[in-house]
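Visitor: Based on the sequences and whatever the hints tell you, model everything.
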Amino acid sequence: MDCKEFRRLIGEELDGALEGARLARFNEHRKSCAACEREYLKQRRMKMYMQCFPTIGRVSDRFRRELMTRVRNGDLRSHYRLNYPRITATLALFACIFVGLLFAVNSYREYMDKEKGLIARYPEGPEAVQTMSLPSLSQELGLAADRPVYALVLSNVRAEDFVVKLLANYESGKTPERLIDRLAVETGLLDGVSMHPSGMGGSGQTIVTFPRPLPLVVVAYVERQDLIALRRFTLDVINTYGPGVIASGTMPTIELEPGVAPRDMREGLEIVDIGGGTFNENLVPDGIVPLVISFESGQTENASPVENQTSPSP
Amino acid sequence: MEVTAAEKAGSYNSPEVDELIARCQSGTLEAFDELVARYERFVFTVVYQHLGSMDEIEDIAQEVFLRVFKFIGRYRGQASFETWLYKVALNYIRTHQRRRSLLGRFFIELPERTDDSGRSFDMVARLADDARDPAHSDEHRRIVEEIMQVVHGLPPMYRDVLIMREVNELSYDEISEILGVSMGTVKSRLNRARQLVRRKVPL
Numbered sequence: 001m002d003c004k005e006f007r008r009l010i011g012e013e014l015d016g017a018l019e020g021a022r023l024a025r026f027n028e029h030r031k032s033c034a035a036c037e038r039e040y041l042k043q044r045r046m047k048m049y050m051q052c053f054p055t056i057g058r059v060s061d062r063f064r065r066e067l068m069t070r071v072r073n074g075d076l077r078s079h080y081r082l083n084y085p086r087i088t089a090t091l092a093l094f095a096c097i098f099v100g101l102l103f104a105v106n107s108y109r110e111y112m113d114k115e116k117g118l119i120a121r122y123p124e125g126p127e128a129v130q131t132m133s134l135p136s137l138s139q140e141l142g143l144a145a146d147r148p149v150y151a152l153v154l155s156n157v158r159a160e161d162f163v164v165k166l167l168a169n170y171e172s173g174k175t176p177e178r179l180i181d182r183l184a185v186e187t188g189l190l191d192g193v194s195m196h197p198s199g200m201g202g203s204g205q206t207i208v209t210f211p212r213p214l215p216l217v218v219v220a221y222v223e224r225q226d227l228i229a230l231r232r233f234t235l236d237v238i239n240t241y242g243p244g245v246i247a248s249g250t251m252p253t254i255e256l257e258p259g260v261a262p263r264d265m266r267e268g269l270e271i272v273d274i275g276g277g278t279f280n281e282n283l284v285p286d287g288i289v290p291l292v293i294s295f296e297s298g299q300t301e302n303a304s305p306v307e308n309q310t311s312p313s314p
Numbered sequence: 001m002e003v004t005a006a007e008k009a010g011s012y013n014s015p016e017v018d019e020l021i022a023r024c025q026s027g028t029l030e031a032f033d034e035l036v037a038r039y040e041r042f043v044f045t046v047v048y049q050h051l052g053s054m055d056e057i058e059d060i061a062q063e064v065f066l067r068v069f070k071f072i073g074r075y076r077g078q079a080s081f082e083t084w085l086y087k088v089a090l091n092y093i094r095t096h097q098r099r100r101s102l103l104g105r106f107f108i109e110l111p112e113r114t115d116d117s118g119r120s121f122d123m124v125a126r127l128a129d130d131a132r133d134p135a136h137s138d139e140h141r142r143i144v145e146e147i148m149q150v151v152h153g154l155p156p157m158y159r160d161v162l163i164m165r166e167v168n169e170l171s172y173d174e175i176s177e178i179l180g181v182s183m184g185t186v187k188s189r190l191n192r193a194r195q196l197v198r199r200k201v202p203l
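As they're listed, the protein sequences go chains A and B.
FYI, the numbering for the first sequence is 1 to 314, going by the numbering used here.
FYI, the numbering for the second sequence is 1 to 203, going by the numbering used here.
Quick caveat, the hints were computed from the structure, so don't treat them as lab data.
These stretches of chain A come out as covered by chain B in the derived footprint (C-beta under 8 Å, 3 or more residues):
hint: 1; segment: 42-52
hint: 2; segment: 60-68
hint: 3; segment: 74-83
All residues carry an ideal CB built from backbone N, CA and C; glycine is no exception.
Guide: Now the structure itself:
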């Protein structure tokens, strides 16, 4: 018998199941191998210790009395009870989370739905930057000497994307036509812009082609309801689905035009951020007020026309 | 589990146990009271050894006996009554351990037990004092406690078979009957359990 077999048989020997010739060979190996003998003794000691596990010595009479009371009363159901209020609350919580997730996923899916999407196509690249025109803001703002200037800084949104989102929202009936007129038509952002179906397998997508890059800063003249509509559009569409606008409460930084810093403008000019939390529509004066919208200024090196896709907001 | 003369005579139980069971099966409450008195220590010990603590031991033992009362009609004498009782107890311990899992703890209310006078029972501490400890010296006791900890840290499939065989000295047949597995499975689980304990306890 080798050590491996000996160790395999230790359990059997301790159970008393080893007898005859196998037991004789087992004992013979025990005498000849000190390591196996030690292992055998350890396991035997272990078995003896386990036989010393404590037991219950006495059970109170009360136990039986209580048990028999239950039996006599027919109270045989387990006293463990499901905690129904807690289960209901947990299920309700999970249901709320589930419905919320469904709503979020559905909203996002509808927004990203390509079936009725608008695709912006506009020139891009270094050449496009060179030919980009900026409005002469200091002159234009000078027209509104006694009124605050309203500003919307969309530092992560291209002007083309803004226009396409505006059009998509207009198509879904969320943006009034008046705002399109004020922000896109009167400012010339839609000049030369053409729209045609993409023709990609009848997907229903529309290509919006911009003949030239749009300016980084746009000045529009709007009324109070236009500002309110634009703020709602910004919060609902740009803030929700886009990369976001500046944090509320911070004043926008507007680069008026290259080489003309804000200090060159008229002293005491008040700039009100309509995307910020401090905007109060009741403080907007009656009549026409100037609005400056500043867009993303980054340009890529790619000179080929690029496409960006937007759908009507849900 | 001792092999009695009754087993050799064709029954696994002694005549008085068979008679007691028959009376219980006919619905005699006094017989059930007698049965509880006879086996309460056995059930408490099984629960204590498999659970590893005194927590809720009375609740569990009570639920075990209530199950016995409900289902004693199903006992057909195909194994000794102690084996059947062990099986009922072990099944209930498993149910209890599932309930005491994290989710169970959250969703299940602990029973509030009262006697006829409406007083709460709390005998756990006293029972702890009553636990019989065959380990005589401190060193002996320390080693036993260490082994108990290791045994109760084993996966249930190994722990149960080890306790049944090494602590309660059930036969392979009885273990196989209680667990509802083959004898080969019992032996392999037992070997594995012994190895695990041996590896973790330096002797």
